[in-house]
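S.K.: As a plain string of letters, each chain reads:
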Amino acid sequence: MHPNAVMLAVVFLGNLMLPFISAQNEPKINASDQIILSADTPIKPVTLQCNLTTAQTPHKESYWMKNGKEIPDTRTEQMNTAYRINKPRADVSGEYMCVYTFDMAPNANATIEVKAKPDITGHKRSENKNEGENAMLYCKSVGYPHPTWTWRKVDGTSYTDIDNSTGRFFITNRDNYTELNILNLDINTDPGKYECNATNVIGNTAEITILRVRSHLAPLWPFLGVLAEIIILVVIIVVYEKRKTPDDIIDDDEPVGPMKTNSTNNHKDKNIRQRNTK
Amino acid sequence: MEERHTCTDKSVLDMTNPKPKAESQSDEAEDPDGGWGWVLVGALFVSTSLVFGLMRSLGIFFVEFVQYFDESAHAISWISSTGLAAQQFFSPLGAALCNAYNARVVVMTGGLLAGLGLILASQATRLYHLYLTMGVISGLGWGLVFTPMVATVMAHFTRRRTLALGLAFSSIGLSSFAFNPLFQLLVEKYAWRGALLILGGLSLNIVPCGALIRPRRRSKAPAKVDSETGSSPVSVLRRISSYLELSLLSERPYVTYTLGITLLNVGYFVPYFHLVAHSRHAGFSEYQSAFVMSAAGASDILGRIVSGWFSDLGHFRLIHLLSAWTTLAGVFIMLLPLSSLSGSYSALMVISLLYGFCSGALTSVVFVVVPLIVGVERMMGALGLLQLIESGAGLLGTPLSGFLKDVTGNYVASFIVAGSFLILGTLTMATLPHYFSCTDPPPPPQRSSLDDKHNGLHSELEHMTSSPSSDTNHRV
Chain A
1 MHPNAVMLAV
11 VFLGNLMLPF
21 ISAQNEPKIN
31 ASDQIILSAD
41 TPIKPVTLQC
51 NLTTAQTPHK
61 ESYWMKNGKE
71 IPDTRTEQMN
81 TAYRINKPRA
91 DVSGEYMCVY
101 TFDMAPNANA
111 TIEVKAKPDI
121 TGHKRSENKN
131 EGENAMLYCK
141 SVGYPHPTWT
151 WRKVDGTSYT
161 DIDNSTGRFF
171 ITNRDNYTEL
181 NILNLDINTD
191 PGKYECNATN
201 VIGNTAEITI
211 LRVRSHLAPL
221 WPFLGVLAEI
231 IILVVIIVVY
241 EKRKTPDDII
251 DDDEPVGPMK
261 TNSTNNHKDK
271 NIRQRNTK
Chain B
1 MEERHTCTDK
11 SVLDMTNPKP
21 KAESQSDEAE
31 DPDGGWGWVL
41 VGALFVSTSL
51 VFGLMRSLGI
61 FFVEFVQYFD
71 ESAHAISWIS
81 STGLAAQQFF
91 SPLGAALCNA
101 YNARVVVMTG
111 GLLAGLGLIL
121 ASQATRLYHL
131 YLTMGVISGL
141 GWGLVFTPMV
151 ATVMAHFTRR
161 RTLALGLAFS
171 SIGLSSFAFN
181 PLFQLLVEKY
191 AWRGALLILG
201 GLSLNIVPCG
211 ALIRPRRRSK
221 APAKVDSETG
231 SSPVSVLRRI
241 SSYLELSLLS
251 ERPYVTYTLG
261 ITLLNVGYFV
271 PYFHLVAHSR
281 HAGFSEYQSA
291 FVMSAAGASD
301 ILGRIVSGWF
311 SDLGHFRLIH
321 LLSAWTTLAG
331 VFIMLLPLSS
341 LSGSYSALMV
351 ISLLYGFCSG
361 ALTSVVFVVV
371 PLIVGVERMM
381 GALGLLQLIE
391 SGAGLLGTPL
401 SGFLKDVTGN
411 YVASFIVAGS
421 FLILGTLTMA
431 TLPHYFSCTD
441 PPPPPQRSSL
451 DDKHNGLHSE
461 LEHMTSSPSS
471 DTNHRV
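Chains A and B, in that order, are what the protein sequence lines are.
Take the first sequence: its position 16, counting from 1, is numbered 16 in the working numbering, and each next residue is one higher.
Take the second sequence: its position 35, counting from 1, is numbered 35 in the working numbering, and each next residue is one higher.
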């Protein structure tokens, strides 16, 4: 055969075999399946396992990561590594990775997803604001995968979507957090119950916040009522006193006058005269 | 002593003629004990609750203020400190104005100011507005209300003063029970501005309470004015100092008593501030600690009323009872940290109940001893000065206990020091003249600087006691 053709065949075959060779050089990791935490199953510990099956070079060590951050105290030199979660709650869910490091080769990893229904951990039970002010309702959740948020207004048993025809409602959504801002509160249409709903592939949860709008004039009525009560009381007291004993007042004034004259005999007589006439 | 005289004279009158109305009233003036006085006790009940009960429950607003004004809790707490300091600082002013004019006008004005301060506070846009309105203006109003009303009520009683005061001061504890949930409701429903507005209106209820004060015989004040004619600065100053009763500061019994009460005040408030924190420190839950405080508050109310009733039975001298209650309160304060060291909740609860009872019991008696030392007429000014001087103690006591806690790491030292201050106060009171005798000493002689005819009430009494004999002569 032509020498060029032989070289071409070798290169061609070599190229075909390259994936197999490199595949054989790549370390293989056996990882456990994804885990779905359900609120129904009893809380028993779950274990994530990774097993390094083939590796060209010996690995240095392995560790676990959750959502891109290394979990402390998980570094070990074993080929089989396991991460045990003793109390699986919603906040435990996330994307777990077991990572193997090598001296002469790049790291190898495998991903295990722990999924759970979202759990709303923070929200305001009630929000009281004056009319014209801005209200901020929020909900915080834990759980993976990150939920999609929706806000609804609750009226008894019926749900209505939020009507933003007035352009005062603003919803901001982030992974585990949602915020509903209402500007320039209207005392007629805005008060009521608002529900934030978190939904992911596993399930959904919702929490309700009660929004109350206070009118500016509301405290005036009790205040005027109390003022009226006080004025009535003072009038009653003064009138009662004037009507009861006008002579008392004369009697009370008595000592003041005579004191000035410093003639106590007159004072005594005056008093006696007064008493006799009674 | 006056009572003894009038008792014999009354019997003379009864034998000779039915008592005319004016005389019965004059007898009441010599020996008042009840009648309209009980109405005034009710008025004092309401006023005290609107002054001190309100002050104690302002904490609900402070949470709102911290949020709204974006200031630290420390800056906000200065509002109530200013209010309390103003109330105590202006007490002599209130007393002096009552001596110069009449108590009714002063108390009604004080009520107006107290309400006005809160109403203005509802419009505040900056924090210092609150210091000025809720602190200074309302504090001034409260100062013009409290001392005059207490003095007026005490003037209407002789044998049952302590019971009257005990009943009236029980309002402090009862109202702080009632005001806490009420204020919470108001703040939720109307926001803090609306709630302050309504509270201002409620505070104005002090005005009808003041209106209930009947104008009494103006005894020495007008006489003093007459004896010193002219408006030269010297005579004006002398008049002012006589209204303020500044001469009391040179009398040893009064100064001794005031010093004793001041020492008492250094330690008195420490448990209020630190008991809950100390219980949590000792390992009890939030609910348990709060409950200990509430229990002490309840026994405080009971202590005030029981002490008032018991003191008026007359088995013991008031000063001895005061010393007993103060010493016991001091001992129980010192036992408070030690009881919880053992870890027993029931021990802490028992000691707190006992402490609450004793501390309430002594408050009923504190003011009533004053007229026994200075006489009924100078009581108004004496109370005002007492409030002013004892205010310094409060300023000293709480930071000191906080400092001790920071230095030692727990509350044991603070409580022991606080309790020892109370015992020091008792020892100071033991140096009062006639302390160890079984009967009360005679009230001090009237001031010799003025003509003794000018002592209106006393000379009135002299004339009353001397006139019946001439009266019977006339009739016969």
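Take these hints with a grain of salt, some might be off.
Unchecked claim - With a straight-line Cα cutoff of 25 Å, these simulated DSS-like cross-link-like pairs (lysine-lysine) come out:
#1 K66(A) with K44(A)
#2 K87(A) with K129(A)
#3 K129(A) with K189(B)
#4 K189(B) with K124(A)
#5 K129(A) with K193(A)
#6 K140(A) with K87(A)
#7 K87(A) with K28(A)
#8 K115(A) with K140(A)
#9 K193(A) with K189(B)
#10 K129(A) with K66(A)
#11 K124(A) with K193(A)
#12 K153(A) with K189(B)
Hints were generated in silico from the structure; no laboratory data involved.
S.K.: Take the hints in turn and mark each one as holding or not.
M.R.: Here's how the hints hold up against the structure:
| no. | hint | verdict |
| --- | --- | --- |
| 1 | K66(A) with K44(A) | holds (20 Å) |
| 2 | K87(A) with K129(A) | violated (40 Å) |
| 3 | K129(A) with K189(B) | holds (10 Å) |
| 4 | K189(B) with K124(A) | holds (17 Å) |
| 5 | K129(A) with K193(A) | holds (14 Å) |
| 6 | K140(A) with K87(A) | holds (21 Å) |
| 7 | K87(A) with K28(A) | violated (30 Å) |
| 8 | K115(A) with K140(A) | holds (17 Å) |
| 9 | K193(A) with K189(B) | holds (17 Å) |
| 10 | K129(A) with K66(A) | violated (40 Å) |
| 11 | K124(A) with K193(A) | holds (11 Å) |
| 12 | K153(A) with K189(B) | holds (22 Å) |
The structure is inconsistent with the numbered hints 2, 7, 10, although it conforms to all the rest.
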